[in-house]
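Chains A and B are the protein sequences, given in the same order. Its first residue numbered 1, the first sequence is counted upward by one per residue in the numbering used here. Its first residue numbered 1001, the second sequence is counted upward by one per residue in the numbering used here.
For the record, the hints were derived by calculation from the structure and aren't laboratory data. Among these hints, one or two may not hold up.
Stretch-level coverage of chain B by chain A, calculated; a stretch enters the list once three of its residues show a Cβ under 8 Å from a Cβ in chain A [what the hints assert, rightly or not]:
hint, region
1, 1077-1090
2, 1101-1112
3, 1159-1172
All residues carry an ideal CB built from backbone N, CA and C; glycine is no exception.
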Amino acid sequence: MKKRKIEELIFNIIMRVSAFIIFGSLIAISATILIKGVPAMNLDMITKTPSGGFFLGKEGGILNAIIGSFYLSVGATIFALMICIPVVIYINVYASENSKIVHYTRLSLDILYGIPSIVFGAFGFVLMLFLGMHVSLLAGMITVGLLIIPIIARTMDEVMRQVPVELKEASYSLGATKWETASKVLLKQALPGLATASLLGLGRAIGDAASVMFTTGFTDNIPHSLQDPAATLPLAIFFQLSSPIAEVRDRAYAAALILTVIIFAISLISRILIKRFSKNTL
Amino acid sequence: MTSSTIKSHISIKDLNMHYGKNHALKNISINIPDKKLTAIIGPSGCGKTTLLKTFNRLIENVDGTNITGEVLVDGENIYGKNADVTNIRKKMGLLNQRPTPLPMSIYDNIAFGMSIHGIKQKGVLNEKVEHFLRVASLWDEVKDRLHSPAARLSIGQQQRLCLARGLAVEPEIILGDEPTSALDPISTKHIEQKFVELKEQYTIVMVTHILRQARRIADYVIFMYLGEIIEHGPTEMVLGNPQHQLTKDYVGGAIS
Ligand SMILES: Nc1ncnc2c1ncn2[C@@H]1O[C@H](COP(=O)(O)OP(=O)(O)OP(=O)(O)O)[C@@H](O)[C@H]1O
Ligand SMILES: [Mg+2]
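The following block holds chain B by itself, in its conformation from the complex (with noise of 0.2 Å):
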């Protein structure tokens, strides 16, 4: 390895992917870097959801699907016999279009992935949730309503408690599948503001159908057409300088 190679944390293998006869994912390889915020594009239906979904094994409870190659999460196969599945997808914080508050408080949504794995007392909890909500910005907002349904806040609120719900199982990793999309433009500021600040901690992946959205936030680019990867980089090449005519076409806008 040389010295200018960057350090990978999620690492590719001729992955491939069917849902049963539709082949949507073909040999991709690719290194995803550690600590840096790499964003997915590419056209409606071209995989970025499968890609992003076989990095945490999700896409395994989709019914009918085959999943050949590796996948790498600090040099250890997930998809490899021994790999403890509540254990990789621990090790990942995922965020989806529409936020997904589960059917109870907002304390307990916090509390709920921690409880599960191991931590029990009360007086640890409390600093936790405080902690992450406050890692999220909420925490101001929420303070006095700990205990009512997660449901009632606004859908930008859903998707910061979300992100502390990730963030409180204590993942390396946080997955974002267009995590913006739903939310109005200052929710959305607000979300990809904390994706700049925790890419510093994080390794950070996320789909987004915005190229501007990668443009002001992503390290790096992954574009994606009909199953495969056309071109990566970093955002400055890929996104200002793309090589691949595909590329040309998807970024000056003629694909879309």
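Chain A extracted, bound-state conformation (with noise of 0.2 Å):
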């Protein structure tokens, strides 16, 4: 009797622990930034490109990497649906389940999924060599699509697996043909989930150094056309991060604030629209 009491309260014990660390690091990593990244925040950060360069400049701001961020993950998640989309369909809805093609999309995705992004940058940087590109915008978004695709695909894909299947019958037996049923029915009762797994995707695009790195570059500027480098707000913490100046450094902490107000936004956002599509699905 004893002994079971004690398990009781030894796994009590354990699990109110970890989800102790959770939310503890929450904190203090929201507490890191704010308390050394506030006060090197000003309005010149948001609206201003860096003077001096962004390695040793203390004046400007860092609107380069904010508007090269917003192009680079935008771009890179079009792109990325553009391929995402008409996979989830064929897998779910064309291809039968338990062929072969199905089996090594699936395995495919999930094997991509656990390569390290700098793997894909140094990927990203052999391909743009090969197509005779330089470091571009260009050249960042399809480095960072392949590296969101297996994100953006598998949730989309568990998403798809969920709908179900008395549902597509449905469409069917109305004597709609498979696109009309994974158009017009199945991609709307799965909306939110594929609503929230492509600003998953736009999240870890606009969140990732190692792969922009070697491909998109970094500039002082901002980017006009895809063939320009481009400034990334990831980058941008490295670099003032190793800086010799201290002044410098601290603003680094203001990036990285402005990079998790915006990856807060993001989410905040696919809740919303979750509830948002939710109204029509079952």
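Assemble the dimeric complex from its two separately framed chains, guided by the hints.
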């Protein structure tokens, strides 16, 4: 009897401690960024490009990186969606469940998902040279797009698999084709999940440094075409942190704060979208 | 054909169906009478749903199925080389065990089938949506909220919506797979009444677990056991005076 009570107590403590570590690390990260970032924060940070260089400059802001990151992540997400949506429809609607192609597609996505982003960066670099491109927004979009394809596709696949078969059958039994069923019924049913998947990819795209390092480059300027190199927030943080000047290092935390706020906003938006999209689903 | 022969709408010849190695339908040959209500009964797992799904070829979406034999609808083999699967399915409305409203408004649920089959004019759609909602006795309950999500209707209303949606593509046949099993008694009664009215114009095939329901509304009964049709005929014969021992046991409640 006693032993069971002690067991209960020990596991209770372990679980509470684990929960506290998760909650605590969120608090600690937010606190660090806020405490170090807020003093270095000012309007210039988000309205101006750096003056005196990103590495040494104490003046100006990181507008170049904010805009660069925005272009890059939106472009990469659109590119990834153009590949993910057809794939997910194919393996869930057109191909038969036990076919080899479905099996290998899912397996490939699982493996790609586990590949570190620096490897995508290295691959993107080789691909870029092979295609005769330069370090540019476009090369970055493709590389980051490839990085987030498995993230988006796997999540979408999970969502599509949860759509009840009966719904598919209901649509087919009205004489709908596979395409009509996929585009007008299943995608609609899965919309909240698909939106979440896209935003998950977007969040990852905006936050990743390793994949953009060699493909997107870095610059003090706002990019004006897909061929221009572009600054990104993670790299702005990286370069500022490695600056010999303390004031510049502090600015890294302001940049981190901005990045965190953006990512927080993305997850907030995805929650709102889910609510809005869910009204028609069962 | 003698004058006593009943006109059949669906005619099945030597149908065999496997799920992988599982021989789920064995040598099924049967004629489903035109404009009558036929009930398929039998213990769980005997193949009722499977048989129903061979009528509109939904079965072929299940992996690893293998079908041989013929299913003639209006004399045309739906498994023939030239058969157009969307046309075949359009001929048959389907009601599932649980209602499956499409993820859209009440109005669009009805309009969806019509619009994919080419009816696009707003005026015609409006008229038909109202008409079929009336046929399913749902109009008065939903006329003020046609554009709100169908998922917000009660289960019983959803099932009537599914009926209206199926009728809207102007089928000849209505298939029901235990269409009342998820419904409360009043909604069940609604659906039963509808079926009795509708069999004047449609051929109805309904799977049911409830013998009393078959007695109440079916004209014909098919009794299945382990993938075979054991006995079939007019309701009062099969349920009132079964010939086969298995049917006797099932009707008597010895097997269920
Ligand atoms: N998707 C499937 N894959 C493999 N076997 C299946 C599948 N669906 C049904 N079966 C098998 O086929 C047989 C007939 O199943 P079916 O669903 O047609 O029975 P049923 O008479 O409708 O039963 P119930 O009254 O429980 O609905 C069963 O042995 C079942 O296990
Ligand atoms: Mg069944």
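Here's how the hints hold up against the structure:
1. Residue count for the region 1077-1090 of chain B with a Cβ under 8 Å from a Cβ of chain A: 4. That meets the three needed, and the coverage hint holds.
2. With a threshold of 8 Å between beta carbons, the proposed coverage of the region 1101-1112 of chain B by chain A holds, since 6 of its residues qualify and at least three are required.
3. For the region 1159-1172 of chain B, the stated coverage by chain A is satisfied: 4 residues place a CB nearer than 8 Å to a CB of that chain, which reaches the threshold of 3.
The earlier numbered hints are all upheld by this structure, with none contradicted.
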